[in-house]
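Knowing the structure of chain A, use the given hints to seat chain B on it.
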Amino acid sequence: MGKYADNPAAVAALVEEHQVHRDTYIDKEIFDLEMKHLFRNTWVYVGHDSQTPKKGDYITTQIGDQPVIMVRHSDGEIYVLFNRCPHKGTKIAIDRSGNTGKFFRCPYHAWSFKTNGCLLAIPLKKGYADTGFDDSEAKQGMAPVGAVKNYRGFVFARVAKEGISFEDYFGDAMSSVDNMVDRAPEQRLEVAGPPLRYYHKCNWKMLVDNQTDTCHPMVAHESSAGTAVRLFDEANWPEDKPKPMAMEIIAPFMSPYEFFEEMGIRTWPNGHGHTGVHHSIHSDYSQTSEYWNALVEAHGEEKAKAVLDENRHNTVYFPNIMIKGPVQQLRNFIPLGPNETLVESHVFRLVGAPDYLLERTSMYNRLINAPTSIVGHDDLEMYERAQEGLHADGMEWINIQRLYPGEENFDEVAVENGTTERQMRNQMHAWKKFITLSMEQAAPEAAE
Amino acid sequence: MTVTREDIIDFIYEEVRMLDEGRFSEWLELWLPEGIYWMPLDYKQTDPTLTSLLYEDDFMRKLRVERLNGERTFSQKPKSRCSHVIQRPFVDKFDADAGEFETNTSMHYVETRLDEQFLLALTATHELKLVGGKLRIANKRVELLNSDAAFGNIQLLP
Numbered sequence: 001m002g003k004y005a006d007n008p009a010a011v012a013a014l015v016e017e018h019q020v021h022r023d024t025y026i027d028k029e030i031f032d033l034e035m036k037h038l039f040r041n042t043w044v045y046v047g048h049d050s051q052t053p054k055k056g057d058y059i060t061t062q063i064g065d066q067p068v069i070m071v072r073h074s075d076g077e078i079y080v081l082f083n084r085c086p087h088k089g090t091k092i093a094i095d096r097s098g099n100t101g102k103f104f105r106c107p108y109h110a111w112s113f114k115t116n117g118c119l120l121a122i123p124l125k126k127g128y129a130d131t132g133f134d135d136s137e138a139k140q141g142m143a144p145v146g147a148v149k150n151y152r153g154f155v156f157a158r159v160a161k162e163g164i165s166f167e168d169y170f171g172d173a174m175s176s177v178d179n180m181v182d183r184a185p186e187q188r189l190e191v192a193g194p195p196l197r198y199y200h201k202c203n204w205k206m207l208v209d210n211q212t213d214t215c216h217p218m219v220a221h222e223s224s225a226g227t228a229v230r231l232f233d234e235a236n237w238p239e240d241k242p243k244p245m246a247m248e249i250i251a252p253f254m255s256p257y258e259f260f261e262e263m264g265i266r267t268w269p270n271g272h273g274h275t276g277v278h279h280s281i282h283s284d285y286s287q288t289s290e291y292w293n294a295l296v297e298a299h300g301e302e303k304a305k306a307v308l309d310e311n312r313h314n315t316v317y318f319p320n321i322m323i324k325g326p327v328q329q330l331r332n333f334i335p336l337g338p339n340e341t342l343v344e345s346h347v348f349r350l351v352g353a354p355d356y357l358l359e360r361t362s363m364y365n366r367l368i369n370a371p372t373s374i375v376g377h378d379d380l381e382m383y384e385r386a387q388e389g390l391h392a393d394g395m396e397w398i399n400i401q402r403l404y405p406g407e408e409n410f411d412e413v414a415v416e417n418g419t420t421e422r423q424m425r426n427q428m429h430a431w432k433k434f435i436t437l438s439m440e441q442a443a444p445e446a447a448e
Numbered sequence: 449m450t451v452t453r454e455d456i457i458d459f460i461y462e463e464v465r466m467l468d469e470g471r472f473s474e475w476l477e478l479w480l481p482e483g484i485y486w487m488p489l490d491y492k493q494t495d496p497t498l499t500s501l502l503y504e505d506d507f508m509r510k511l512r513v514e515r516l517n518g519e520r521t522f523s524q525k526p527k528s529r530c531s532h533v534i535q536r537p538f539v540d541k542f543d544a545d546a547g548e549f550e551t552n553t554s555m556h557y558v559e560t561r562l563d564e565q566f567l568l569a570l571t572a573t574h575e576l577k578l579v580g581g582k583l584r585i586a587n588k589r590v591e592l593l594n595s596d597a598a599f600g601n602i603q604l605l606p
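Sequence lines, in order, name chains A and B. Its first residue numbered 1, the first sequence is counted upward by one per residue in our numbering. Its first residue numbered 449, the second sequence is counted upward by one per residue in our numbering.
Chain A extracted, bound-state conformation (with noise of 0.2 Å):
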């Protein structure tokens, strides 16, 4: 026995109200029960489905550490398997994406499955004659996670069997997609081309954190968007000529404390929050005549104008995904370790719509998360050196207490000044409630 497993008291006494002990970043033994537990029994993102948009595509990926298959089967529905041959457990799909046809096969001995992972054929069958096998785990096929939901598009899974529904668990939350596929003037998304993928040495939180930390964009940035700033004021830019596409992007970072105070952030129940309730760095990015008349031909004028009005910054959806609907990203955080963490950032097209907002889109992916990107130096940077700070004996935990009012309810959705860590003890509550909702106390040792 560790010092976390079989020990909820020990592990739900690393989250304070206001501050988080250090363990949760760091620690080896938490990570294994963050796989265990919180990845489990939370509902995660897999991927998006016009990934796999015929019969046998399908992708593969990973939900916490356990390897899955995101595949479309014969009647159309998208099912979510582990990626393991019942028979010897060989990763059945090792292409990050492909068509399988009609079946799954293992390469090791040609069992094959349905995609749906029901099991079709083994060869040499009569050797399983008379062994029982009808009743053996092997014999059910490729194991399905315990829930898949598919909404607007957006894949998400609970790999428990039991546990709280896809509605209970994101409520309003859903609201932020909502928004970035109404965008569409067909109402649909596409996934445009393969995600940036970068690695990070760090722990995936930092991530989730820094999605609504609005205090460091113009600390962390000033090398990015500071210096953008600078250059395009002493460039003298002709009125007449374009300003360039990335002073739109970048600029907006340098707001200042102001900007982001009265942005607000909302969060609701079960960790998830978003910036941006009354404007954000997005608000001011330009349209054309041609993109607004798609969107009222879609939707009306006034929904047309409800749905571009909405610039919600970033939307975290606990545990490890953000969304920015007004450039139509997707970053997934996915966890390899305690200080290893793998961030793919997508875009997509909105469908119907002219074609320079995919190249914003993509000049943002760009721009901003790439691995050659610089502001994503800026802020990999910090991240590294929190991660190596936290090892640090001098203090054990980490403040998370600005604009903290006493006593919260995370149980209710709130909005609040744009500067808030609300967000983050909502995230932490929520990471309290799901890594121990399974845990199971160890036996009290018998008395000697």
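Rather than coming from a laboratory, the hints here were simulated on the basis of the structure. Nothing false has been slipped in among the hints.
As a list, the in silico BS3-like pairs of lysine-lysine whose alpha-carbon atoms are at most 30 Å apart:
hint, chain 1, residue 1, chain 2, residue 2
1, A, Lys161, A, Lys102
2, A, Lys91, A, Lys139
3, A, Lys139, A, Lys102
4, A, Lys201, B, Lys525
5, A, Lys241, B, Lys577
6, B, Lys510, A, Lys201
7, B, Lys492, A, Lys55
8, A, Lys125, A, Lys91
9, B, Lys510, A, Lys241
10, A, Lys243, B, Lys577
11, A, Lys149, A, Lys55
12, A, Lys55, A, Lys139
13, A, Lys91, B, Lys492
Relative to chain A, chain B alone:
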């Protein structure tokens, strides 16, 4: 000025030497203002409207270099260093009359900072133009052999 194949090849060598020695401002001067520095994300990518690792114009190149020299560029304290080892470039196009040239060069790029060092294998293609008696970069494309892999920070210029 009459450009020879050797001049073209020397130009490519001089460019990487500039980058290795951190003479980034000088490197900016090699470019024609409308040139694009492209580093695709997808292997053999042809559509630049999809995400790339880099797809940068004059303004962005200048921003990148200014940032490297900046006072509050925390990810460059201490600074990174890089080294290019290059093969002899293929001169794929040599049109002396039009003053247009294209090269294809295989390289190993090493970048280091603090205790970390990483290696990238890449192929660079350069479009060069003779303007005002000088060779300039009209466009440059850097294809990483493993462009679809997960990387940490790549801070300097492959």
